[in-house]
Amino acid sequence: MRRPTYTPASIIKKVFRPGERSLPKTEVCLRIEESGLFTAQSPEDSERLLNAVLNMEHSPVRIGRSEAIIELTHQSHQLFDLAYRFLRLSNMPKAMEQIVPELRRQTQFSWNQINRLLILQRDPRFVQFESDKRWYLADWKVANDTVAQFMQEHQISEISTRSLPYFLDQEVGLPAEAHLFLPELDERFRLDGDTLLFVLPEKTAQGGQEELVQETNDSTVELVQPNEQQVAVSSHAEVAATFQTMEHSSKEEITMNGNQMQTTYTEVHQLMRQALERLEARHQQMAQEVISFFQQSDMQSIEILMKEKHKNEQVALGIQQVLATIEQQ
Amino acid sequence: MNETEAIIKLEHRFDLLREVVASYRIRLEHMEAEVVQWFAANQLSEISRCIQEKQKIMLRIEKLEKFIKKWEANAELTIEH
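Residue numbers (the working numbering), protein chains in the order written: chain A, 1 to 329; chain B, 1 to 81.
Simulated from the structure, these hints should not be mistaken for laboratory data. Careful: at least some of the hints might be erroneous.
Pulled from the structure, derived: some chain B residues nowhere near chain A, Cβ distances all over 12 Å [unchecked claim]: (1) ASP15; (2) ALA22; (3) PHE67.
Mimicking DSBU-like on lysine-lysine, the simulated pairs with C-alpha atoms at most 30 Å apart in a straight line are [stated by the list, open to error]: (4) B:LYS66 with A:LYS307; (5) A:LYS14 with A:LYS25; (6) B:LYS56 with A:LYS309; (7) A:LYS309 with B:LYS54; (8) A:LYS133 with A:LYS25; (9) A:LYS309 with A:LYS133; (10) A:LYS141 with A:LYS94; (11) B:LYS70 with B:LYS54; (12) B:LYS56 with B:LYS69; (13) A:LYS133 with A:LYS14; (14) B:LYS69 with A:LYS311; (15) A:LYS307 with B:LYS70; (16) A:LYS141 with A:LYS25; (17) B:LYS66 with B:LYS56; (18) A:LYS133 with A:LYS94.
Heads up, the beta-carbon is just placed ideally off N, CA and C, and yes, glycines get one too.
Whole structure, please, built from the sequences with the hints as guidance.
This is the structure in C-alpha cells:
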C-alpha cells in the first residue's frame, strides 16, 4: 500500500530539531528509529539510511570533526529564507519551477544564480516526499491517517474536493495551517475529477469491490516510474469511480439508498455553510473597505459598497432558508 | 500668582495646542468605528455627515499644525518678559 513517504534526506532533516546544528551519530540513528518515519527492519537499517544520505550529492548532512558527529551542511542565505516565507505564506507545497520565478520577482538574482544557490536539499526546513517533486515545510504534519480514520469511523466513502477544506477544518478538526492532506500520494484515497473517493475497509470485504481493489493494486505494482504512477492512479480513480457509481445506481434501483441520500445532503449542507462563510468573510472585508473609503472621503464608493452589502444580505438570507429546509428533512 | 500661572500657560501653549490636535485625531479614529456601525445599519446619510465632519476636523488639524510650526520656531524671539 502506498503511503506518503519522506525521502531519505528528508527523514534525516526531520530528526534534527530546530536550532540543532550537529548530533552524535548514535542519536541520529536512535531518532530515525523512534520517529516512525522509516520502518527499520534492524538497527543497522537506520545507519544504512544515514550513510546513504551522507554519500548523496548536496547532502543535508556531513561527518563532523569526528566520525561520531553528524552536522548539517546548510549555510543560511537570503534566498532560502525567501523561499521559506513563500511556502509558509502560500501554505502550499511548491515545486522548484514555482519557487524560482517567485524569487526572481522578489530579488535581483538571475535564474542561474537562484538555481545554483538555492539547493533546498541542504536546508533542514524543507522536505520532500517520494514520487513528488514539490517541496514541503518540515513542520507541516501529514494528516492522511487521521482523515482515513475519520472517514472510516463515519463511513464516508466520497467527498467533493470543493468542500474538502471545510471538511478538514470543521469536521475532522484539522486547521489547514498546520496540516497536510495528501490524497494523491496515498492509495487509500482516489481523486476523480471533483470527487475524492475513500476505500472503506468494510466495503472491500464485499465481492465486487474486493476484485476492484485487487485489480488496482496489481496494476499499480506493475508501474515503476513515479510519474507514470501518478497518471495511473488518477486513471484508476476514474475506473474506481465508474465502478462505484455503477454499484450505487444498481443499489438505488433496488432500494432507495438512505446512506447515499444522507451524504448528498451533508455535502450540500457543507457547501451552503461554506458559501455563508464566504459571504461573512466578504462582509468583514467590506467593513475594512468602508474605513479606507471614509479616509479618502469617497462617498460614491461607499454607496456602491452598501448596495453590494444589501445584495449579500439577501443572498445569505436565501441560503439560510435553504439550510433550514435541509435540516428539516 | 495669577501672573505666574499665565506665564506657565503661555509657555505651554504649544503643548496645549498639540493636545488639541491629538484629541482631534482620536476623534477621527473613533469616527472610523462609527462609520462601520452606520454602514452596518445602512445609514448612508450618517456616513456622509461623518465625512463632512471629518473633512472639517482635518482642515482644523492642518491649520493648527501650521500655526504651531509657524510660531513655535520663533517663540523665544518674540515673547520676552
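Taking the hints in turn, this is what the structure says about them:
no. : hint                   : in the structure
1   : ASP15                  : 27 Å, holds
2   : ALA22                  : 18 Å, holds
3   : PHE67                  : 23 Å, holds
4   : B:LYS66 with A:LYS307  : 40 Å, violated
5   : A:LYS14 with A:LYS25   : 15 Å, holds
6   : B:LYS56 with A:LYS309  : 28 Å, holds
7   : A:LYS309 with B:LYS54  : 24 Å, holds
8   : A:LYS133 with A:LYS25  : 28 Å, holds
9   : A:LYS309 with A:LYS133 : 44 Å, violated
10  : A:LYS141 with A:LYS94  : 16 Å, holds
11  : B:LYS70 with B:LYS54   : 24 Å, holds
12  : B:LYS56 with B:LYS69   : 20 Å, holds
13  : A:LYS133 with A:LYS14  : 18 Å, holds
14  : B:LYS69 with A:LYS311  : 49 Å, violated
15  : A:LYS307 with B:LYS70  : 46 Å, violated
16  : A:LYS141 with A:LYS25  : 25 Å, holds
17  : B:LYS66 with B:LYS56   : 15 Å, holds
18  : A:LYS133 with A:LYS94  : 8 Å, holds
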